[in-house]
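*Asks:* Sequence:
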Amino acid sequence: MNLSFAQQNDEFKSAKDYFDYQRFMLNSEFKRKFDNEKDITQKIAIKKDFSEFMVKLDSIQNTAFIGTLIKVKNREDLEKINVKNLPELRLNPKKEDLNKEAQYPGGFETLRKQIADLFYTDSVLPDQKLLKTNVVFVVEKDGSIANVQAQGENFTFNRQAEIAMYLLPEKFSPAIINGTPVRYRFRLPLSMSFD
Numbered sequence: 001m002n003l004s005f006a007q008q009n010d011e012f013k014s015a016k017d018y019f020d021y022q023r024f025m026l027n028s029e030f031k032r033k034f035d036n037e038k039d040i041t042q043k044i045a046i047k048k049d050f051s052e053f054m055v056k057l058d059s060i061q062n063t064a065f066i067g068t069l070i071k072v073k074n075r076e077d078l079e080k081i082n083v084k085n086l087p088e089l090r091l092n093p094k095k096e097d098l099n100k101e102a103q104y105p106g107g108f109e110t111l112r113k114q115i116a117d118l119f120y121t122d123s124v125l126p127d128q129k130l131l132k133t134n135v136v137f138v139v140e141k142d143g144s145i146a147n148v149q150a151q152g153e154n155f156t157f158n159r160q161a162e163i164a165m166y167l168l169p170e171k172f173s174p175a176i177i178n179g180t181p182v183r184y185r186f187r188l189p190l191s192m193s194f195d
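No gaps in the numbering here: position 34 of the sequence shown is 34 in this note's numbering, and each next residue is one more.
Derived from the structure by calculation, the hints contain no laboratory data.
Mixed in with the good hints there might be a few duds.
What the hints assert, rightly or not - No more than 25 angstroms apart at the CA atoms, straight line, and that leaves these computed lysine to aspartate or glutamate pairs for DMTMM-like:
| id | residue 1 | residue 2 |
| --- | --- | --- |
| 1 | 141 | 170 |
| 2 | 47 | 58 |
| 3 | 113 | 170 |
| 4 | 56 | 101 |
| 5 | 47 | 140 |
| 6 | 171 | 29 |
| 7 | 100 | 170 |
| 8 | 132 | 58 |
| 9 | 141 | 195 |
| 10 | 80 | 127 |
| 11 | 80 | 58 |
| 12 | 56 | 127 |
| 13 | 71 | 127 |
| 14 | 141 | 49 |
| 15 | 80 | 49 |
| 16 | 132 | 142 |
| 17 | 13 | 170 |
| 18 | 73 | 29 |
| 19 | 48 | 29 |
| 20 | 33 | 49 |
| 21 | 71 | 140 |
| 22 | 73 | 140 |
| 23 | 16 | 77 |
| 24 | 47 | 76 |
| 25 | 16 | 76 |
| 26 | 71 | 20 |
| 27 | 56 | 195 |
| 28 | 113 | 127 |
| 29 | 31 | 49 |
Claimed, not checked - Label-pair distances were calculated between CB atoms; the ranges are:
| id | residue 1 | residue 2 | range |
| --- | --- | --- | --- |
| 30 | 18 | 101 | 33 to 43 angstroms |
| 31 | 189 | 33 | 44 to 54 angstroms |
| 32 | 130 | 187 | 15 to 25 angstroms |
| 33 | 10 | 189 | 23 to 33 angstroms |
| 34 | 185 | 53 | 33 to 43 angstroms |
| 35 | 24 | 173 | 30 to 40 angstroms |
| 36 | 141 | 27 | 34 to 44 angstroms |
| 37 | 55 | 98 | 26 to 36 angstroms |
| 38 | 153 | 195 | 17 to 27 angstroms |
| 39 | 17 | 180 | 25 to 35 angstroms |
From a predicted model like this one, the values you see are computed outputs, not experimental measurements.
Ideal Cβ positions, reconstructed from N, Cα and C, are used throughout, including at glycine.
Start from the sequences and build out the full structure, keeping to the hints where you can.
*Replies:* Below is the structure:
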């Protein structure tokens, strides 16, 4: 279980744990009710109620994640004010100085798939069939990510991309210079098609 939460910061982990527990409790209660019901019409109604509850829970969870994102971004912005961190954040090692670039376990395809799986698409009301954003973030020396900023035309799509990044289940392997892990700014273009 520890590996699945390796990347998530404490705020996102806490929110996710809370809603996972609520989902588990609702699932158990509806299953018990469904199993005890003999009437097929009532079973269908219970199944429908369960689906509606889960959709509402997903929406409430997303609202909590947005609040968590605001809290995390505010904290990161306050940390940037600390003058000794500013030069390190601005500098990105030159590719020729790197012994190893920062990498996500399984590579870019795994990263993109996990982001898509974590993405709450119901919050995005696209006026276009294809939405794009560029996500810029810092891979820290320990492989965690920070300072996630998504830039694209759709504000909601950008926020959902940032939330998905903070919820990634794995850490990156950090960039290495002369055998020492270094902070590294990363850019990841994302796009999603909506039908």
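*Asks:* Hint by hint, say whether it matches the structure.
*Replies:* Here is how each hint holds up against the structure:
no.: 1; hint: 141 with 170; in the structure: holds (14 angstroms)
no.: 2; hint: 47 with 58; in the structure: holds (17 angstroms)
no.: 3; hint: 113 with 170; in the structure: holds (13 angstroms)
no.: 4; hint: 56 with 101; in the structure: violated (41 angstroms)
no.: 5; hint: 47 with 140; in the structure: violated (45 angstroms)
no.: 6; hint: 171 with 29; in the structure: violated (35 angstroms)
no.: 7; hint: 100 with 170; in the structure: holds (18 angstroms)
no.: 8; hint: 132 with 58; in the structure: holds (23 angstroms)
no.: 9; hint: 141 with 195; in the structure: violated (40 angstroms)
no.: 10; hint: 80 with 127; in the structure: violated (35 angstroms)
no.: 11; hint: 80 with 58; in the structure: violated (32 angstroms)
no.: 12; hint: 56 with 127; in the structure: holds (23 angstroms)
no.: 13; hint: 71 with 127; in the structure: violated (29 angstroms)
no.: 14; hint: 141 with 49; in the structure: violated (46 angstroms)
no.: 15; hint: 80 with 49; in the structure: violated (46 angstroms)
no.: 16; hint: 132 with 142; in the structure: violated (29 angstroms)
no.: 17; hint: 13 with 170; in the structure: holds (13 angstroms)
no.: 18; hint: 73 with 29; in the structure: violated (36 angstroms)
no.: 19; hint: 48 with 29; in the structure: holds (14 angstroms)
no.: 20; hint: 33 with 49; in the structure: holds (11 angstroms)
no.: 21; hint: 71 with 140; in the structure: holds (19 angstroms)
no.: 22; hint: 73 with 140; in the structure: holds (16 angstroms)
no.: 23; hint: 16 with 77; in the structure: holds (23 angstroms)
no.: 24; hint: 47 with 76; in the structure: violated (43 angstroms)
no.: 25; hint: 16 with 76; in the structure: holds (20 angstroms)
no.: 26; hint: 71 with 20; in the structure: holds (20 angstroms)
no.: 27; hint: 56 with 195; in the structure: holds (22 angstroms)
no.: 28; hint: 113 with 127; in the structure: holds (23 angstroms)
no.: 29; hint: 31 with 49; in the structure: holds (12 angstroms)
no.: 30; hint: 18 with 101: 33 to 43 angstroms; in the structure: holds (35 angstroms)
no.: 31; hint: 189 with 33: 44 to 54 angstroms; in the structure: holds (46 angstroms)
no.: 32; hint: 130 with 187: 15 to 25 angstroms; in the structure: holds (19 angstroms)
no.: 33; hint: 10 with 189: 23 to 33 angstroms; in the structure: holds (29 angstroms)
no.: 34; hint: 185 with 53: 33 to 43 angstroms; in the structure: holds (41 angstroms)
no.: 35; hint: 24 with 173: 30 to 40 angstroms; in the structure: holds (32 angstroms)
no.: 36; hint: 141 with 27: 34 to 44 angstroms; in the structure: holds (39 angstroms)
no.: 37; hint: 55 with 98: 26 to 36 angstroms; in the structure: violated (45 angstroms)
no.: 38; hint: 153 with 195: 17 to 27 angstroms; in the structure: holds (19 angstroms)
no.: 39; hint: 17 with 180: 25 to 35 angstroms; in the structure: holds (34 angstroms)
Checked against the numbered hints given earlier, the structure breaks hints 4, 5, 6, 9, 10, 11, 13, 14, 15, 16, 18, 24 and 37 and satisfies all the rest.
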